[in-house]
Every structure is written in structure tokens, then in C-alpha cells.
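Kindly produce the complete structure, drawing on both the sequences and the hints.
Residue numbers (this note's numbering), protein chains in the order written: chain W, 48 to 344; chain G, 48 to 344; chain H, 299 to 895; chain A, 299 to 895.
One or more hints might be untrue.
[Claimed, not checked] Think about it this way: if two alpha-carbon atoms lie no more than 20 angstroms apart in a straight line, the pair counts; the simulated DMTMM-like pairs of lysine to aspartate or glutamate are: (1) Lys746/A to Glu890/H; (2) Lys65/G to Asp705/H; (3) Lys686/A to Glu733/A; (4) Lys63/G to Glu732/H; (5) Lys284/W to Asp282/G; (6) Lys63/G to Glu733/H; (7) Lys284/W to Asp279/G; (8) Lys746/A to Asp377/H; (9) Lys686/H to Glu752/H; (10) Lys746/H to Glu892/A; (11) Lys533/H to Asp295/G; (12) Lys194/G to Glu537/A; (13) Lys746/H to Glu537/A; (14) Lys284/G to Glu292/W; (15) Lys533/H to Asp319/G; (16) Lys686/A to Glu329/W; (17) Lys63/G to Asp731/H; (18) Lys746/H to Glu890/A; (19) Lys533/A to Asp337/W; (20) Lys284/G to Glu315/W; (21) Lys194/W to Glu537/H; (22) Lys533/H to Asp279/G; (23) Lys65/W to Asp705/A; (24) Lys65/W to Glu733/A; (25) Lys65/W to Glu537/A; (26) Lys284/G to Asp305/W; (27) Lys284/W to Glu292/G; (28) Lys533/A to Glu292/W; (29) Lys63/W to Asp731/A; (30) Lys829/A to Glu881/A; (31) Lys65/G to Asp731/H; (32) Lys65/G to Glu732/H; (33) Lys533/A to Glu315/W; (34) Lys284/W to Asp305/G; (35) Lys230/G to Asp305/G; (36) Lys686/H to Asp319/G; (37) Lys63/W to Glu733/A; (38) Lys746/A to Glu732/H; (39) Lys284/G to Asp282/W.
Worth flagging that the hints you see were computed from the coordinates, not collected in a lab.
The residues making up each chain are set out below.
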Amino acid sequence: MTVELRHKPLTAKDFKGKVDPDWCPGCGDFALLRATQMTVAKLGLQPHEIVCVSGIGCSSNFPGFFGSYGMHTLHGRALAVATGVKMANQNLTILVTGGDGDGYGIGGNHFTHTARRNVDLTYLVMNNQIYGLTTGQVSPSSSVGMKTKSTPFGNVERPVNPITSAIMNGATYVARGFSGNIKQLRTLIEGAINHPGFAVIDVFSPCVTFNRDNTYAFFRGRVVPLEKEGHDPGDWKSACERAMEWGDRIYTGLFFQDPTVAPLHALEPILDDAPPVCQVPEPLTATQADRIIQRMM
Amino acid sequence: MTVELRHKPLTAKDFKGKVDPDWCPGCGDFALLRATQMTVAKLGLQPHEIVCVSGIGCSSNFPGFFGSYGMHTLHGRALAVATGVKMANQNLTILVTGGDGDGYGIGGNHFTHTARRNVDLTYLVMNNQIYGLTTGQVSPSSSVGMKTKSTPFGNVERPVNPITSAIMNGATYVARGFSGNIKQLRTLIEGAINHPGFAVIDVFSPCVTFNRDNTYAFFRGRVVPLEKEGHDPGDWKSACERAMEWGDRIYTGLFFQDPTVAPLHALEPILDDAPPVCQVPEPLTATQADRIIQRMM
Amino acid sequence: MNQGFDFSIAIGGAAGQGIATPGNILARTFVRRGLHLYAYNAYQSIIRGGHIFLTMRVSDREVLSHGDQLDLLLCLNQDTMTRHLRHLGPGACAIYNSDTITPGEVADGVQLCGMPIFEMTGDRKNKLAQNTAALGVMVHLLGLDFEILEAALELQFGRKGEAVVSSNVRVARAAYDYSHERFTPLPVPLPHNEEPLAVWTGNEALAMGGAAAGVKFYCAYPMSPSTGVLHWMAKNARELGIMVRQVEDEIGVANMAIGAAHTGVRAMCATSGGGFALMTEAIGSAAMMEIPLVFINVMRAGPSTGVPTKTEQGDLWQALGASQGDFERFIVAPESAEDAFHTIGEVFNLADRYQCPAIVLSDLLISEGTFSVPPQSLDMYPPIERGKLIRDAERNGTNGTYNRYLDTEDGISPRAVPGTPGFVHVVATDEHDEEGILISDEFTDPHKRRQMVEKRARKLSDALTRIPPPEIEGVEDAEVTLVGWGSTWGVIREAMEQIEARGVAVNRIAVKWILPFHADAMSGLLAAAKKILIVENNHSGQFARFLRGETGFSAHGHIRKYDGEPFMPHHIADGVLAHLAGEVPGGVFVPEQEIRV
Amino acid sequence: MNQGFDFSIAIGGAAGQGIATPGNILARTFVRRGLHLYAYNAYQSIIRGGHIFLTMRVSDREVLSHGDQLDLLLCLNQDTMTRHLRHLGPGACAIYNSDTITPGEVADGVQLCGMPIFEMTGDRKNKLAQNTAALGVMVHLLGLDFEILEAALELQFGRKGEAVVSSNVRVARAAYDYSHERFTPLPVPLPHNEEPLAVWTGNEALAMGGAAAGVKFYCAYPMSPSTGVLHWMAKNARELGIMVRQVEDEIGVANMAIGAAHTGVRAMCATSGGGFALMTEAIGSAAMMEIPLVFINVMRAGPSTGVPTKTEQGDLWQALGASQGDFERFIVAPESAEDAFHTIGEVFNLADRYQCPAIVLSDLLISEGTFSVPPQSLDMYPPIERGKLIRDAERNGTNGTYNRYLDTEDGISPRAVPGTPGFVHVVATDEHDEEGILISDEFTDPHKRRQMVEKRARKLSDALTRIPPPEIEGVEDAEVTLVGWGSTWGVIREAMEQIEARGVAVNRIAVKWILPFHADAMSGLLAAAKKILIVENNHSGQFARFLRGETGFSAHGHIRKYDGEPFMPHHIADGVLAHLAGEVPGGVFVPEQEIRV
Ligand SMILES: Cc1ncc(C[n+]2csc(CCOP(=O)(O)OP(=O)(O)O)c2C)c(N)n1
Ligand SMILES: Cc1ncc(C[n+]2csc(CCOP(=O)(O)OP(=O)(O)O)c2C)c(N)n1
Ligand code: SF4
Ligand code: SF4
Ligand SMILES: [Mg+2]
Ligand SMILES: [Mg+2]
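Now the structure itself:
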């Protein structure tokens, strides 16, 4: 940035998008939107410093409702696009927002590889265990037995576990939130944005229209914040074990964090003390050009 | 099958394909081919009862060298195709063969989802930690620092761990073999074929042409068979822990098995006591047709 | 236009206001009386709120589009009233909840039927009461007995229990009585035909077409507007013994379907443009491995995510350009729901005979349109021809002699499926020889390569004989010849009546089969035409360009629409007249969409 | 043909026998003498074994194809000898290791140069000795001083240490001396031009073109024959400050490149047909979001996996049909390595100006071909025009007033990149309004939809003025006009000389820019042509169909090849004569590939 604008302290309101969310009243996604707006304001970030990247889905409409730069890309591709943004301009803060279908279904491969690369992104998954925007089909995180429009006799496929997957694939900050607990969400988002590496927060964000099983009430009776359990986020085994619990107790909070792994952009020698590649002047220098020609002769 | 052919006992030779392998002399893939041929012969399988499905890569040329039905499909798509074969004809034994790039790179999402579905397939990955057929680029399982044609200054991305990924994604038989130990490979393949569910064997199969780091010698000095360590394949935590070790000791053998999860085809009510869908006569019955029409009125 | 009974009802409201229920009840009621109908639902990609506008046209003869006019408008919210009241003309009625909605200015002769819902029902909470009440009003306006509605409510809500049924009946009855006293029924009462009709959407037709054609493997990833096929399949799977799978993405879908098809089962999958893009690589692979199966692309307004709930004929070139290289495949664009049903059976037989993939290009207009159909016209047992398929070992052949890709005279090689003793072979996406051995890996041989390319291409040399050539429909020697493809079939036919009524002799050519294309037959028809106008629902004239590529013919003019909404008959009629009047400077007439949905 | 010096060397052997090394040494030697060259390497998709056949043609004037004849054949194995000896004519020489290879029957006037390697070197183990020895023989036959070879060996093996260099020099010297005594040098010695040339492959040219055009973000997934671009980028990344990433698949590649491009960096990626299929959805999304970047598709023989190491112009329709819906993009097919280099800069400027993606269609022939090039002809500082790009806040605009998709007169909206204060906006693949608000989610409005489609389309209305129209090259009023596109540019030009030599007046039109297409200019040229023959390297005549679609013109005949090998000049000349003699019944002449590679 060549221009220095004086920044006044911002509030959550300053991160409202151009339109109000058109989610169904009661949709879990409102809570994450609000928590995110509050957190970025608290962190003193400016709208132009953030890029919010999403795929397609109800939840993926997030960038339109959030007051920062945004990219509403293809279904399943948000992480790939976001990696491109980050690697081309490491100065930006990147939030990636989307749904369980978007992230763990069609986008699953990018999830795996973004995790192992430890790209410095904050990935917020509004996991409603259903395909919302397409009006209610089974998702890769739907529970066994769940009846949906595409599984009218009950789902027979076991769901993915985003937490254990993320940990095993190399994500360095792995948490779970719940739309019913904005306070915890804010803490988790703050931690994620501050974490230099790939931070995933899987958020139970009930779809009040299509998922009759995993409702607010379902979660309210079950969620147990890890903060209260003395869980050590350095211990992957305990993290995985707790992440697998899915009964009377379902844990939320920070499962795992490894601050020792450098994020991808920090490992790229061409970025050492260098501006983002998007700010480097395009033309080759004479030295560069001459060397190239020389090698051809 | 309407025709019963009398089957004579077969030997590994009967599972030779139409052409001899054109792998580089010394390529690790020869060992897996041989071990597989010996194992299916031992199990009394007939060539027409097996379908060997692969993607694209040196290793994916396997079906051409193996004497059974085969499908040499697209790069990264073997598991998706194989799931289709199995779900349309559950009577077939399906071997899926391919490389690390094919399976963990471009095919990574099918890997995740095939695992959680526990499709009854035997997946043999010839992991040479490099892209062989395209003449030596970095693969998702290449070690950090490895110099390849696409990472001439050294790879900066952490590799996937296929064992822990497979376990966490829900595969129910997860093993690691080494081309230098055919005997162990045979045991593992036998277990995998007999296992009713998704069985993965990640095989260290050195690329003698492009991978100068992970050679036979590299592994010979390090591999430790789990059989000798009293490892309990029921214990996922110990399995993951041992799978993460990558130093002087690198474990091979059966890391994890869960025989209690039913394979996908067993969970599909339409297959209960029914022939494969590929053997059901095409036309609708009168009852079926009438009901459909009735519902439209 | 229609000399008989022809009537359009529109219901407008927000998503979540339950438009579907009165729509379904009305549709059932009409088809049971043997009336034809077509309904088009204009909606948004949003689950609650926004604006939904369902237009249902009913007639005693076939209905092929949602027509041009509105006779009965049901406003479920103020927004609908504000947007649409001005589209009503003399004789039309507007029904609305007068507790919450204020009508605006209204044309002469429009009857405003306000329903004081609270007064009628004594209930302020039940947001859906206005829907049921409106049915009561409508039944009165249409001159129907209340019993018909009572039976329909019973059928619709029966599953929810007696209490729900009776409370709905009570509300409907109150509204019926209320309007009986106050509102003038429509002049022409609803006719009654002997033969009841059935009702379906195009997606249901595609799915049923598959079921009738023997599809026993269906997989998909949800994508509007194709998801209806998945829903039908999932619901009926158990009863029909169809293996239905929802997959992690469309790449998985296409490849899984190919794996299934390889076992000999008829396999099908459906998606829309973006998902189809992801499937293209696999389509080419099916052609190379010579595995037959059917891919349905239900087009929606693009490019990219586009307008997910709006229609367009925008993927013709994507279908033509699907996957790299030259390969054999069929492309067909059905013309209506009924045609879609039959097309699936036809195209499976072609795919099986020629051992290659087929692409069916439907669109939102057909797939999400609601059509009436005479049930007896549906052949639920169409011929099922599997071609040179070897499914058991009774036919001769051993490992030694069976060549999967035998270079036969017609290019078609006997195809054995896994599990068959004696026919062991490998299929490959790499170029291979007759035995299936890769020529890229074993030895590269330009002569073998050429032989295999020609073998595959030869397969289709007689395919055109199995596809009906396009024909001229309408008067000979017409002043104007309209050319359309796929889903515009119905609206063009209705437009022709309007054009004729305006004194212009018109005929048309409806193109359904895209690849292979009857270029010679088409050239013959075009050569005889005086003024050729091409009608299509996209911006760039994808079909026009394709047609010129196949025949060299350039049309004299174009009528195109790309605002997401389908053509109404008068759009086309207006276009024709404008063209004839020389009032279309660039050669492309683009109608203005009047009803702002 | 060539009146001056024109000479072809072929080296054949198995993969792993090290053909590349003598090939490189010879190429360097030739270009340093200022000689032009072109080399085509026919190889298989196999790492060891099989058959590789490198043809290198050298001349004192520009060389545009690998030509028709062989003058010097180096056989590294018996297989090569068996396959290729019969292609040698009078005056040609065959070099081989006489310890292991037996020559077959030979035409009159062919000189057999057997090398008794053991006798020469005293070494039976060094399998590569024959390669170095052959260089010694060649240098003698070409009439060069041994010192030239010595220097070249030094350069080639220097990095491996003195011992390797000196042992190679010893072997080469022995062979040189041996042949000096026994073999007759070729009649015309190798000329020497003042200006040394440079040498590169087409993939290197594409990569360098990117570097010169300011590409600072390159990502890819390996796929033959495009991988050379990745290798060059990876090797040079550090020095040039280019971010190079290998991604998990081509979907990731395309989307990652789009994300990068959105920050304002010039981003590029390359793949081949199958990978391109996977990228198509993203290409449409870039167009919808109006993000400029460049996608390279290096075509290989398809369909599907096809023949990965063989060439074809088979993806034209895939490029035309990439992704759903109508959208703006450029498609260009460069004609040679040098043209590819310049094309990248040109097309980036267009993509940036019009804010849309561009597709470059290269093929194996160009991309893996080795070309000489005068270094001074390479503009390493081409104009870099970024269009209406706002990268800092000095330009006016605030959140309140900035509309990313402003409906301007030329359809092009000022484009701000993330990080710029005051220009915050959201780009979307859903249809959106000028502000970037989704019209599918906020309210669906056919008029806004139409406005936005037209705004985007309007962008390209003056694009043709920035693209050179196709031209007639050669005599006016020719008997035959050859039309080709992309990579056949060179071989058609060489064929024209042969055709003229056979007494036929010929000219040609070389098409490079596919979309947008200069239809009017092309129609003008075609209208004036007497007999139009279209030459293309595919089975179905993809370009011919495209051309007819754009212009209505049907060619009088076709010359096609689809066996994986590229055209040789005489294939085209033969085709022209056959057409003129009326000896091409179906209208499509397909030459027989003689050299069985
Ligand atoms: C390639 C592609 N396939 C399918 C779709 C259709 N689609 C849109 S959103 C969606 C899934 C939405 O589910 P999820 O990601 O969980 O988001 P939610 O709506 O539940 O928030 C699908 C399948 C698409 N847009 N693109
Ligand atoms: C869609 C697509 N992208 C890229 C390729 C090129 N390709 C062929 S094999 C291969 C990778 C091979 O690596 P791996 O799967 O590890 O197998 P290996 O050769 O090492 O056994 C690639 C990238 C392809 N065939 N298809
Ligand atoms: S459908 Fe579900 S996920 Fe979508 S907005 Fe409504 S409640 Fe939220
Ligand atoms: S390149 Fe490597 S993986 Fe491929 S055949 Fe040779 S040794 Fe095996
Ligand atoms: Mg969801
Ligand atoms: Mg590999």
C-alpha cells in the first residue's frame, strides 16, 4: 500500500456487507457472521485488509453479508482460491467461509492439501450436516440414519469427522464451535486469525429448515466446552479421542494447536523480506532477461 | 453367472497379463505385482472374478500386467470407478492399484470418501513419493526438502500421511508394505482381500529412476515389521502414533483393522438377498410400472 | 388464441410461504378433471424470503407453455401484489389476504377478491391459513363444487392426521362461503373431460424414463435444477431395485457411473452446467473405453454459478466441447417432459448399440416445469436393446481369442462384462490395440493408432439411420420458418398460432438430435425456406453457430432471450413481426421480459 | 527443396539409452555456428525401454519442420536399425555400434558407419560410450574440427567433473580418428554463420513469454506435454521472483491461479487436455468474476488419456466449449515456439484490458519441439498493459461509490484489487448487479440480468481491432489455398515450397486467433480463393467445422492426420496433388505415416 489512510477504530457494524443476510430466520449462520464481525473489529482489522473467500451454499453467501473484500467462488473451491490469494499477497488476512458440503464433500481434497501445506488461512465451516441451499440432501457430515431428500430411507454412510481429519492432515489450529455460543466462537475466531497457519473451525450451525435432527436443542443439551475440561491442545491423541465422542457429550472448543509449524508463505524463499508478488513490478530486470537468454545459447 | 466352469487350481503365472511389465528394471512395482499374483492364486480366485481398477501413472499400468478383468481409467479416479463396479456387482473382487500421486494427490477426495463409506475394495498404493510417469515431480507424499524437477530447491510442503488419514477417514483395514518384503506383502494383501470393507495398503515401492532419496537402501535400513512389535491393530491411537514415526524406524505391517463395520454394499437394503443390480432384468414389472403411474395421478 | 378453455392462475409470495401446496392441490384437481396444464415456477436461489411466482396454465387441449396472460392472481404477500397486479386485464381476479395486503391501482374489469382471513378463521397465528382460504375462493371462482376441494385437501394432508385435514377444510369452507356471497365466478366454468391425466415435472420424466429403460444404477451430486431426478430416484429406489448413490462430487459421480456401467448395468447420472464441466473428462474416458451410459445436463442460466434457479439453453457448446479429442457420443435435447421420458429409452439403446456415452441436454424449463400427460401415452416397457453385450459365457470366446476392441466391419466390438469366464480383458483410457493393450506403453504405432481411431469413428457411420431427421411442421411455403431446439418446442408451437393469427404464414423446424446431426436433411429443409429465424434461449446464438457449422446456412434473423426467464409465446410472435417489418437492426430480436419476477 | 544447406540427423534408441545428451550437444553445436534447427522427438509414455526417435533438421535458413528425409541415422539399438535403415536414401549414413547391432539391407549409396566400440574404447561396460563415440563419428562426417566437439563435451559434462569430461573426450577422439580413416565425410560441410542462435523448446518459450509478460504466479499439476513449462518456471522461479506452486490437481491449479490473479498479479497455468477438462468450470468462473488470467492447454493425442506423448490438434472444441453458458474469453493458437513466446505477452494484455480469461492452445509439436531462434528477435520487455486496474487508493473511490461491475460504455469496469482502501467489494460467480450483489439471492430481476450479460458481452465489441486479421501468404490467384491453424504453420509453409516445385501455384491462410474470430476478413479471403484445402492434425476436422460456423464457408477438401505423428511437408504436398487430381473420394486426404516410430 502506498497510501496510508488514518484508521478510526471500527465496530462490528463496520463489517456489515452491502445487503442483509437472506438466510432463513433462525439459521445458525447468523451467529457466525456476527461473531466474525465482532472479532475482526476487536482485532483492529480494516475492511480492505481482509479477503473473505467462499464457495457455494447458504453458508457460502457469507462474503456478501460481510463488509470486506470478498470472493464468492465455485462450489468446493474456496480453499484453492484462498491459497492463491494468500500466496500472491501474504499481507492480507484471509477468511474462508462455507458449508460442510462445500468443504468436506466436493471440496474435500483442497481441505486435505491446504491442511498439509499449512496455508495461513482461517477456515470457518458452517456445518449444518445437510445440503441447505439445494433444499436438503444428505451431506458428508450427516449422521447415519438421517432421512433427507436423497436418503428418504436413512443415510447408510458414516460421516466424516472434520476435526480428526484436519488434525491428521496437518492443520495446525483445529477447533469446533456452536452457533449457540457466540462468546466461545469469538474466542476461537480470534485465536484462529492470530494463528500463523491453517486454522479450521468447524461450527455447528443448525439448518432450521432442513435438518430436523441436529437442531439447536440437540446441541444445547450436549455441547461441552473443552476449556472446562482442562484439555491440552498440544495433545493430538486426546484431541482426536474427544473429537470422536458423539453422544451425550459433544465437545466444542480448541482441540488442537501446533504453533511450531511455519505457514507456507514463510517457507517460500522468494518471499523472504520481499513484498507480495502482486506488488512486484511486472517487467524483468535487465539482469534477469540477460541471464535467461544466455542460458539458451 | 449362469455357466459353471470347472476351475483348475491356478498359480501366480495364470495371473500374468497380456504383456510383460514395462517398468524400469528394479522398479518397486514389480514386487507388488508378483505378491498380488501369488496371493490371488493362493486364495483360489479366478481371473474373471477379479476386476483390477487403476488410474494413470507408472503404477497404474498394473492392470495391463495382471491377468484379470481390468479398467485403466483416468488419473485419480480409480476409487470412484471401482466403487461403481462394486456397487453394481458386489460378487466381484475388486483390486484398486495406483500411485501416490494418483491416490493421495488428484484422487485424494475419493480416498477420503471411499474410506468413510467402507466400500469393500482392496486398495494397493505403490507409493514411490514421486510422480514417476511424468518424469519426476514432487508428490503429496514426498518428504520435505526433496529436490525434484518441480522443486529444484527442495520441497517445502509437509507430506500426507496415508496411514493416519485412512484411519481417521474410516478405512477399516490399513496397512503398509514394502517392495523389499514380498512375504509380508502377501500376508497383507491376503488380509486385505479377505477383509470385508475398505482395505488400504500403502506400499513403499521405490522409483529407481527419479527418487534418489527413498531408495531400497533407505527403507531396508529402517523398516520394522509391526508383527514383531506386538502391535494391536484394534488400537487406533497406537496405530497413528507408529504411523507417524519417520526416522530410524519406519513401521510396516497391519496398523489398524476394524472388522465390525459393515461394508457399504451390505448396508444397501436393495441388495439384501438380491443379485447384483447388473444382473437384474432391465424391464420394470407390471406392479412397479403401475405404481409409478398411479402416483402421478 | 385457444378457442376452447384456456386459463392461467398465478401464485406469488416469498420462499417459505408454502406456494407449493396450493399449487399441487390445484394441479391434481385439474388433471383429475382431464384438463391439460403446464406450470412454470419462477423462484430464487434462496430458502426463505425473496419472490416466488408460480404460473399454472390450464386448458382443455394441450398446453405447451405458461402463456402470455394471467387470469387469476393469488398474492401471498404485498410484494406480489405490488409487482403483478398491473399485469391483470379485464376479467381477471386477484385474491389476497386483505388483513395484510393492500391492492394498488387496478385496470378496469379486474375483480379484487380480498379475504379478511382473521374474520374468516378467527386465527391470527396460522400463516398458512391464507393459502387454504385462497383455494376456497378459487374453487368458487372456477365454478367447482366444494367437495372436490375437500377431497383434494384430504389427499394432501391425510398423512398429517385428521386434525390438520379438518382444520384446513374448515378454513377453505369459510373462504368458499365468504366468496360465494361476494365474488362473481369466472364466466366460463372449468370443463370436465372423461380421461383423467397424470402430472409430472420434467425431472420426474427423466427419472421415470430411466427406470422404464432399465436403469438400475443412478448416482448424482445435488445441483439445481437437476436435483429432482435424484429425489425421484431416491424415493423410488427401494421399490424399483435401483441402486442410488449420492457421491462426494460430480467427478466421482461420472466415474462411479462409468464403473457401474462397465458391469453391464444401465447407469445414468444428472447434473447442471458446473457439475457437467467436472464430468467432462470422464465422458471422454467412457468413449475411449467404449462404455455406454447416459449423462444428463439440466441447463440453467450461466455462465458459472450464474442464476441457479433460472433457465437458459446455454450449454450446447459445452456439450459439444465436452472433453479433449475427437470421440463418439450422442447429444440430444428433448422437447418436453413427455419427450424427455421417451428420449431416455431411445438414447440408451443408441448408447448401448454404439458403445459410447450419450448426453441429454434438458433445461430448467423442462426439468422443473410441471406438465400434464395422458398416462396411456407413456410406454413403461420401451424396447430395451443392449447391442453386442456378452453377459454370460454361453457365447464363444476364451481369453486367448477374445479381443475387446475387435476391429469389426461396423466398428462395434462384442462387449463382455467382468465376471464372465473366458472374456478377461482390460479396458483403457490410453489408446490401445484391438486386444486392449496400450499402444502408448507397449509400442507406439501410428498405423495402429489410426486404425483404432477409425474403428471407433466407423461405429457411428450408420447412426443417423436410427435418428429421425428434422421435419417441417406447419404450412408449406411459409413466409417465415422458425428453427428451435430442445425445450423451446412448446412455446414456439404456441407462438405459431399467434403469428398465423396475425396473418403471417409460418412453419417451423424443431431440432432434437444434435449429435450426430442430420446435416443433409436439414440443409434440404433450410434451402426451401424463405426466411429462417432461429429462436433460442441464450445470448450468443449457440445453436445458430452450430447449425451454420454443420450446414453452412446462416439464418436471416434471430430471436433470443437470456434474462433467465423463458420465452412467452408472444415474445416470439413479436420477434417474427419485428423481423418481417425490418425493425431488427442487428438481426437479433430480444424481447423485453414484462412480468418482473 | 532448400537450395542451401539442409540436413537431417536422426537418433533412435530405447528410453533410458540417453538420447537427450548427444541431441543437446549437437543442437548447441549447430546454433553456436548460427545454424537454424528444428528437432522433433518421437517418444513413448514409458520411462525405460520402448522406442525413441529424435529427428533434428539443420539448415542455414529457417527450419520449420522436421522435414521429409534422413541424412544421418544414429542407431543406439538394433530396433532402430531394423525400423529405420530402409528410410535412408543415397548419400545418407547410418552410424551404429557394430559390436551389438547388425545392419540390414541397405539402399545404394548409403554409407554404413559401424563403430567397433570395444575395439575403440577397450570398455565393454559403459553403455553410454556408443553415444559419445557416435558424436565423434558425426563430427567427422559433418566436416567439423574435433575441437568443437571437445568444447561441447566440456560444457555438457563439466558439472560432473574432470574425469567424466576427459573419458568422454577420449572416447569421442578414438571414434573421430577411427572414422577419419574409414568413412567419407558428407559432400557439403557444415556452414558457419556469423550470428549465433539460441535454442529452446516451445514449453520454454511459453514459460519465458510468461516471465517477460510479468507473470509472477505460476501453478500447475504435471501433465505431458505441458510439464516443461512447470520445469522452466520451477528452475527459474527464485531468480525471477516468481511464485511457483505444484497443486493437488488441475481444479486446484485453476482456482488457485484465479485467487492469485484477483490480487492483481499476472497469473498463468498450463496443462493438457484432461487437466484442461478439469479446469473448465473455473475458466467460466473467472469470466463471471471478470478476473483476467491465462490458461495454456498443450494438446496431445486424445481422446481421454489417449497417446500422452503424441501430438494432435484435438482440443479446439474443448476450448470453445469450456464451461457452461456464454462468456467472454480469448482463444489463441500460436504457430511456433517464437510465436508462442510473443503470444503470451499479447494475450495477457488482452485479458487484462477486457478482464477475462484467455486460453492458449499449444500442442506437443510446438511445446516439445526444439527450435532455434535469433536471440535478438526476442523482446524481453514487451509492452505490459494492465487495463483499468486500480492497485492503490490514489485513484478516487470509496466504499460508498465504487461499483466493481459498473456498467460503462465499453462494458469494462474499473477493477480494484484486495488490500486497496476504499474499494471494498465482493466478486461473485453468481450473477450479480453492478455493485456485485447477487441478483439470484437478493432479488431476481430479468432486466438486471440482461443488463449484466450485455455489459460483459459489450467488452469484446472492439477486441477484434486489437487482433491482427488473417492474411493470404504467397502468390495471389493461386490454384490452391491452404488453410491451417496453430502449430501446422511451419510445416505448411515448407509444404508450399514442395507444391510450387511441383508446378502448382499455392498460397495459404494461417489462423492463429480463434476467439474472437475475424469472420469478415476471413470470409473475404475465402471468397477470393479458388480451391480451399484445410490442413489439420485431428480426425474430425475441428477447425473446418468451426470455420464454417463462423463464416458459412465449406472447404473444398481436407488434409488430416490423427495417428499421433505430426505432418511432414510432403504429406501435405501429396495431399494437395491428390486433391487436384481428384483422387480423394471422401474429400479427406489422410497421409500414411511412413517412418514407423
Ligand atoms: C459443481 C457444483 N455442484 C453442485 C452445486 C450445487 N450446490 C450448491 S450449494 C450445494 C451444497 C450446499 O451445501 P453446504 O456446502 O453444506 O452449504 P449449506 O447450504 O448447507 O450452507 C450444492 C450441492 C454447485 N453449485 N456446483
Ligand atoms: C487429469 C490428469 N492430470 C495429469 C495427468 C498426468 N499424469 C499422469 S501420471 C501422473 C502422476 C503419476 O504419479 P503417481 O500417481 O505417483 O504414479 P507413479 O508414476 O509414480 O507410479 C500425472 C500427473 C493425467 N494423466 N491426467
Ligand atoms: S436452508 Fe438451512 S442453512 Fe440455508 S439459510 Fe435456511 S436454515 Fe440456513
Ligand atoms: S519411473 Fe520410477 S515408478 Fe516409473 S517405472 Fe521407472 S522406476 Fe518405476
Ligand atoms: Mg451444509
Ligand atoms: Mg508415484
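* Against the structure, test the hints numbered earlier, and report the numbers of the ones violated in rising order. => Of the numbered hints given earlier, those the structure breaks are 11, 13, 20, 22, 25, 28, 35, 36, 38, listed in rising order.
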